[in-house]
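**Q** The whole structure should be built from the sequences, with the hints applied where relevant.
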Amino acid sequence: MEGKQYQLVTCTINGKETQTMVDVRASLTDMLRNDYRMTSVKKGCEVGECGACTVLIDGEAYNSCIYLAVWAEGKRITTVEGLLGPNGELSDIQQAFIDEAAVQCGFCTPGFLMTALEILDSGIEYSDEELRKLLSGHLCRCTGYENIFRAVKKTMLQRLGRI
Amino acid sequence: MVIGKSLPRVDAADKVTGRAKYTDDLCDKGALIAKICHSTIGNGIVKSIDTTEAEKIPGVVKIVTCFDVKEKHYFPTAGHPWSTDPGHQDVADRLVLTERVRFYGDDIAAVVAEDEVAATRAVRALKVEYEEYPVVLDPVEAMKEDAPRIHEAYPDNVLKHTSIRKGNYEEACKEEGLTKVEGWYETPTVQHSHIENFICYCYEEAGRLNLVASTQIPHIIRRIVGQALGMDWGRIRIIKPYIGGGFGNKQDALYEPLCAYLCTQVGGRLVKLDVSREETFACNRVRHAMKFHIISYLRPDGSYAARKLEVYSNQGAYASHGHSIAAKAMGAFPQLYPCDNVECDAYTVFTNRTVAGAMRGYGMPQASFAYESHTDDVCKVMGLDPIAFRRKNLMPAGYVDGFSKNENYFDSFNQCMDKGIEVMDYYRKKEEFKNQSGDIRRGIGMSVFWYNTAVWPISLETSSCRMVLNQDGSVQVQVGETEIGQGADTAYAQMTAEVLGLPFKMVHVVTTQDTDLTPFGTGAYASRQTYTAGFSIRQTGQLLKERILQYAHRLSRMPECNLDIVDGNVVRITDGRVLMALGELATEALYSLEDSQHITSESTYQIKSNAYSFGCCFAEVEVDIPFCRAEVKKIINVHDCGRLINPALAEAQVHGGMSMGIGFGLTETMLYDPKTARVLNNNLLDYKLSTFMDHPRLEADFVENPEPTSAFGTKALGEPPACPVASAIRNAVLDATGVSVNQIPLRPAVLFERFKEEGLI
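Note that the protein sequences, when read in sequence, are chains A and B. So in my numbering, spot 39 of the first sequence is number 26, and the numbers just go up one at a time. Count along the second sequence starting at 1, add 5, and that's the number in my numbering.
For the record, the hints were derived by calculation from the structure and aren't laboratory data. Built from N, CA and C at the ideal position, the CB exists for glycine as well. Among these hints, one or two may not hold up.
[Stated by the list, open to error] Just so you have them, the derived chain A footprint on chain B, three or more residues with Cβ under 8 Å:
id : stretch
1  : 192 to 199
2  : 454 to 462
3  : 482 to 494
4  : 682 to 692
5  : 699 to 709
[Claimed, not checked] With a straight-line cut-off of 27 Å between C-alpha atoms, the simulated BS3-like cross-links for lysine-lysine are:
id : chain 1 : residue 1 : chain 2 : residue 2
6  : B       : K639      : A       : K120
7  : A       : K120      : B       : K693
8  : B       : K67       : A       : K141
9  : B       : K61       : A       : K141
10 : A       : K3        : B       : K26
11 : A       : K(-9)     : B       : K61
12 : A       : K120      : B       : K34
13 : B       : K34       : A       : K(-9)
14 : A       : K62       : B       : K34
15 : B       : K313      : B       : K149
16 : B       : K34       : A       : K3
17 : B       : K313      : A       : K141
18 : A       : K(-9)     : B       : K132
19 : A       : K(-9)     : B       : K149
**A** Pasting the structure below:
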């Protein structure tokens, strides 16, 4: 196997401890999609421009396409597959995306959900301008971002007991 | 009533949980990987390709160069319905791999390897020798005698030229007291930038090619792959799962033919062809850049005496959708502002740019920019109020187009404009923004459009539908018109529930199109899905209902004419008594020992009508003159797309189109190296599509005049929202600064030149 090197990566994915050998050149996107079949992690550019591959690493949103799989060693990774409740119930932000018609082709949706989760988990009440800036690492060509904004804002206010 | 309700999308839960499967999610991990070798010249021929070094790379399975493709099956790529009349067929100018290079990034060889790294390394290791010719990027330049030649069959580079003549323009200009207004208007090459790049994979099974593709048009792709490979069309099966946006780019055969061909070259093994973002920009399709030359002669009373239009459409390197786009743009000119004396010419011209095809609006975003910018230029010269001028001159209610027979049944333009005026507080702001000085100025502008819903009578309009009754009384629905993100499946479910008298939840739309299983339909394009599928869904639903009620008659002995289905129950309408649940009937029908029936229906509806869709955009901008920046502060689109099937999804559709329109007007343009024709900004960092930060709240409103020709009263909304936005913004900049900027996007480099010319800076 000329030119290839493998390394064992142990990490927690959606609450489950996992271990696999990865090509040291592989991105976290590749590992999650190919080794763990977490296909909610989408590839739109593979250079960190579109945000479709965003996952949470120790609670922080990252473009997994520009994060090496080997860096995930010892980390806690969350993808959209990990958002459902114990009985399969949708999380508040997933439900808000449905209710606010924030989903169209759906390809950018999982990435947006992960960044939204980071925002919501902070417990901070952001202004409209701040929310827009925090979400601006994601590109969407279907929605004009309008309903995504509504969904995130509504969930933020709900969590903070404002509505 | 299920129609008209903002029900949640049928696919939303799958899409927020990651369960919705797109092409790459379905492909087996063991697939061989194909990578394309793209030319690094913009015009010329491939002299040789040395594969020696590439062959040595471990993991390489097969290298195919343009010289290896012995059977030359030229094929057309446009996602149009096939025509059995050779005169109406699309231009067949593509090969799966080509020796004759016509754009920077043309497909000259391909590598199939065990993994992506090996495939990519092998492509890089190919040694290509070219004979290079000069390039041309501009359609007007390409029409000159000494311009570089691109297609041997088109020595003047003109793919097609068509004209419209009405009255006598030359004579009519001579009328006394006319004012002449003239302008050139220019729109950029832009790319669809759906977030899922094109991808497909192909494998052989039972002697047939099975191709799973991110396409809008599975049934059309089957035909094109057959043509490209010289195979019987029945030996090809296309499957279309969820797709991550299309916007017209995937209304073209992109790399399905090449992937299928490569599959045949490796013994039918599974081959995946996944293109990069960079390839999506340089080697897929783009929107035609157009140049418009408009001359209008106006009478002192503000009416048009004579008008002239020339359109130069930049086709790029291959014919794709070709002249149909410029022709559509031209066709709008005499219809939007009817005038007795009109002379129009449209030229579609080959250049060495990226191949232009269909993109949301099919010529109308370009046309709307030119025509509606010109309208405000006319108003400025004549000293007229832009709204009053439009009320006087726009296509009036009752107008019928001689060719399409489309009729403007209502006073939609005025109704839409009235809503826009109110929401924007238009006249107050118009007054407030008068006589501004200083570096920062505000302005308000607007623009209108009309749009044809479907493609009749230019092309075939047909839709087929299949419905199957399940044991529990629920119904599966299949149509060939694809879900591409717009929400079509949800609209189909609502229509089906309406026709059959079922609760919404008892309708299951089969979202995947599979040419083996899905009834024939040509796919998602134009703004036709709800309009065209509406006919076949209504007709097929009625057939199914008839069969259900026949069976209900057998079970109940009640006369069929007294039976109906209401909320999932068979009901005697004379007294409203529920006779049985549909589920009971369906179970009995399937398992009956006396009379077992699988209750289904299937039918085709050929649509021989079309419908005008109307709307407008109002925009308020703030212009920073020293920084040459225009920012949209408030914006609204108002549409009359007939009856709304699902208001929330309609609104969402408008938002997306507006966002795309703002990008078209302010930031998006593909830049080309003039020497090599290479795309300079082939990525999402340097190509500026709108982000979360780039526009204000998007407002959408509707006027609902049920379209009389439509099965559910609905008509075009998919593309229209993108059409009027750029010109509304441009007219707002004119209002703010007094400067007419006739080239989009209105980025600082463009504004700087114009502000300098006009002495603002």
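**Q** Find the hints from earlier in the document that the structure breaks and name them by number, from lowest to highest.
**A** The structure breaks hints 2, 8, 9, 12, 17, 19; every other hint is satisfied.
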